[in-house]
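I would like the entire structure built from these sequences, with the hints used as guidance.
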Amino acid sequence: MVLFTYIFLFFLGLFAIFFFILWRILIIKPKILENRNTNIIQRSNPQQDFYSLDNNWLKKNSFGVWELFVSGSPFQIGLRNGILCKELIEIQEDYFVDEIKKIIPSSIFAFFLKLIVAWMNRKIDHFIPNEYLTEIYGVSISAPQKYRYIASNYQRYLNYHAANDIGHAVEDMHVVACTSFSVWNEKSADGGLLVGRNFDFYFGESFAQEKIVSFYKPENGHKFMMISWGGMIGAVSGMNDKGLTVTMNSVKSTMPTTARTPLCIIGREILQYASNIAEAFEIAKKHETFISASFMIGSAKDKKSAVIEKSTTNTFLFETDEMDFIACTNHYQSEGFSEDPLNIQNIKESASLYRLTRTKELINQKLKIGVSEAAEILRDQKGINDIDLGVGNEKAINQMIAHHSIIFKPEELKVWISSKDYQLGEFICYDLNDVFSRSENVNAETEFVIKENNIPADDFIRNGNLQKHREFREIQDRISKIAKKKLNKSLSAKEIQDFISLNPLYYQTYSVIGDYYFTKKNFVDAKLSYEKALTTEIAKENERNHILNRIEKSQEIIEKK
Numbered sequence: 029m030v031l032f033t034y035i036f037l038f039f040l041g042l043f044a045i046f047f048f049i050l051w052r053i054l055i056i057k058p059k060i061l062e063n064r065n066t067n068i069i070q071r072s073n074p075q076q077d078f079y080s081l082d083n084n085w086l087k088k089n090s091f092g093v094w095e096l097f098v099s100g101s102p103f104q105i106g107l108r109n110g111i112l113c114k115e116l117i118e119i120q121e122d123y124f125v126d127e128i129k130k131i132i133p134s135s136i137f138a139f140f141l142k143l144i145v146a147w148m149n150r151k152i153d154h155f156i157p158n159e160y161l162t163e164i165y166g167v168s169i170s171a172p173q174k175y176r177y178i179a180s181n182y183q184r185y186l187n188y189h190a191a192n193d194i195g196h197a198v199e200d201m202h203v204v205a206c207t208s209f210s211v212w213n214e215k216s217a218d219g220g221l222l223v224g225r226n227f228d229f230y231f232g233e234s235f236a237q238e239k240i241v242s243f244y245k246p247e248n249g250h251k252f253m254m255i256s257w258g259g260m261i262g263a264v265s266g267m268n269d270k271g272l273t274v275t276m277n278s279v280k281s282t283m284p285t286t287a288r289t290p291l292c293i294i295g296r297e298i299l300q301y302a303s304n305i306a307e308a309f310e311i312a313k314k315h316e317t318f319i320s321a322s323f324m325i326g327s328a329k330d331k332k333s334a335v336i337e338k339s340t341t342n343t344f345l346f347e348t349d350e351m352d353f354i355a356c357t358n359h360y361q362s363e364g365f366s367e368d369p370l371n372i373q374n375i376k377e378s379a380s381l382y383r384l385t386r387t388k389e390l391i392n393q394k395l396k397i398g399v400s401e402a403a404e405i406l407r408d409q410k411g412i413n414d415i416d417l418g419v420g421n422e423k424a425i426n427q428m429i430a431h432h433s434i435i436f437k438p439e440e441l442k443v444w445i446s447s448k449d450y451q452l453g454e455f456i457c458y459d460l461n462d463v464f465s466r467s468e469n470v471n472a473e474t475e476f477v478i479k480e481n482n483i484p485a486d487d488f489i490r491n492g493n494l495q496k497h498r499e500f501r502e503i504q505d506r507i508s509k510i511a512k513k514k515l516n517k518s519l520s521a522k523e524i525q526d527f528i529s530l531n532p533l534y535y536q537t538y539s540v541i542g543d544y545y546f547t548k549k550n551f552v553d554a555k556l557s558y559e560k561a562l563t564t565e566i567a568k569e570n571e572r573n574h575i576l577n578r579i580e581k582s583q584e585i586i587e588k589k
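In my numbering, each residue's number is its place in the sequence shown (first place is 1) plus 28.
Not one of these hints is a red herring.
Computed cross-link-like contacts, DSS-like style, restricted to lysine-lysine with a CA-CA straight-line distance of at most 30 Å: (1) Lys313 with Lys151; (2) Lys479 with Lys329; (3) Lys548 with Lys512; (4) Lys560 with Lys512; (5) Lys331 with Lys245; (6) Lys496 with Lys448; (7) Lys568 with Lys549; (8) Lys522 with Lys496; (9) Lys479 with Lys396; (10) Lys251 with Lys448; (11) Lys448 with Lys114; (12) Lys448 with Lys388; (13) Lys479 with Lys88; (14) Lys517 with Lys589; (15) Lys509 with Lys560; (16) Lys174 with Lys129; (17) Lys517 with Lys496; (18) Lys514 with Lys549; (19) Lys251 with Lys479; (20) Lys512 with Lys129; (21) Lys114 with Lys129; (22) Lys514 with Lys568; (23) Lys270 with Lys314; (24) Lys130 with Lys496; (25) Lys568 with Lys129; (26) Lys410 with Lys509; (27) Lys514 with Lys174; (28) Lys448 with Lys129; (29) Lys130 with Lys568; (30) Lys589 with Lys513; (31) Lys376 with Lys388; (32) Lys548 with Lys509; (33) Lys88 with Lys251.
Treat the hints as calculated values from the structure; they're not laboratory data.
In structure tokens:
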């Protein structure tokens with residue numbers, strides 16, 4: 029009886045703790061002063077892939093890219109966005125949840141991770157401006173109900189905006205390694221400001237399939253465009269009608285312990301309310317963040333670009349007034365962070381400095397840079413001094429993982445966006461003056477893409493190399509699962525040789541084969557594979573250390589036999 033009482037009290041205590049956590053992580057919905065009766069609001073769908081609602085619309089263009097126009101108050105924008113993009117929001121959440129399940133297959137571990145993330149984010153609504161809370165709430169009304177077991181629609185979509193930051197902070201997820209650059213004056217083909225960037229956010233092949241080119245006309249602030257996906261109201265790449273551009277690059281951070289303002293929300297506020305570099309800096313400076321980042325700001329008014337470098341404790345502005353260009357990868361460059369231990373470690377251990385050096389090398393190689401030359405830089409797969417890195421190397425500007433690639437001409441309010449296949453597909457051109465002047469009288473046939481200004485697809489697609497790379501990545505994933513004992517299978521010598529032939533200059537080709545042999549206790553071939561990997565360009569210090577460690581272990585085992 030005493031034992032039963034102790035057990036009962038133990039579980040009663042667990043339930044008390046559990047419900048206390050649930051109570052503490054409950055996020056109150058934002059106060060909305062306008063009519064919230066959403067039952068009478070219906071979208072029309074007069075033609076395939078075209079939806080409209082109160083002069084707001086969603087359509088797929090002839091290049092297979094979704095275009096969205098929304099206007100109104102924060103709640104109206106969110107509500108209309110959600111209703112118009114309902115299917116895209118569900119598709120994107122399906123992709124996201126499926127990928128999380130692949131990373132965290134254990135339902136018990138996933139449950140506790142959910143509680144931890146919810147606890148970390150329990151005060152996130154305190155750090156997001158009310159207009160964006162309201163907009164997220166409007167979007168969440170149309171979110172799928174099937175994921176309410178994770179959290180309410182509003183809490184989920186609030187947390188998803190922070191999940192992007194957490195993904196940046198978690199080391200070795202290989203989800204983010206962005207590159208951006210800008211040229212002006214003598215370095216620009218026409219003397220005007222030009223900005224280019226790769227958003228290398230990789231969360232599985234499917235995640236980038238339904239990207240949205242969004243055009244916003246809010247009741248307060250500037251009109252703007254940005255690249256987004258279903259349910260996303262934050263900005264990672266965009267330009268407003270004042271010719272101010274924002275692109276965001278992650279920087280190595282300590283693991284966050286509690287929520288602050290998500291980086292994409294800062295990017296969104298800059299787009300909506302800043303018209304020059306100084307205003308953008310003041311917006312970035314006033315917010316607390318829970319990870320670090322760099323915001324490259326291109327400004328038509330200033331006729332140049334600068335980088336806002338923001339950590340969890342400091343904000344500095346990095347400028348290059350002595351040159352007509354600036355470049356940014358995933359570490360800090362300003363004097364303010366020159367002695368920061370984490371930044372020094374990041375420069376030493378990551379591929380960021382290498383990629384920055386290569387970006388500057390390509391800019392200096394070209395006498396003048398226009399949009400075509402910018403696309404060439406963004407598509408570059410070579411290393412410093414044009415060495416071969418293999419396909420998919422994190423040291424390359426083009427790592428074959430880009431969610432999108434984008435080029436801006438802020439003074440002309442023109443933007444070029446990669447249509448598909450990372451940054452390899454055709455870059456399609458928009459003129460913001462044209463889009464916003466015709467935005468409220470649109471049908472399925474309305475064309476906003478200025479086709480004569482498009483940048484053609486890269487030869488890498490036409491010569492079959494893209495398909496070869498996709499085959500390589502699929503086989504690599506399968507071999508990795510065998511090496512991690514998630515798949516019980518053996519490979520023939522021919523299968524291994526065929527795999528190597530798909531990407532023979534890439535270090536991961538040999539390191540994953542080494543891992544396979546090591547798991548199969550074939551330590552002689554494991555050692556040979558790892559040694560071959562060392563003859564190629566390895567992206568990061570921890571990967572090199574893994575290979576060296578495995579060579580040492582393999583040698584020890586061989587000598588004992």
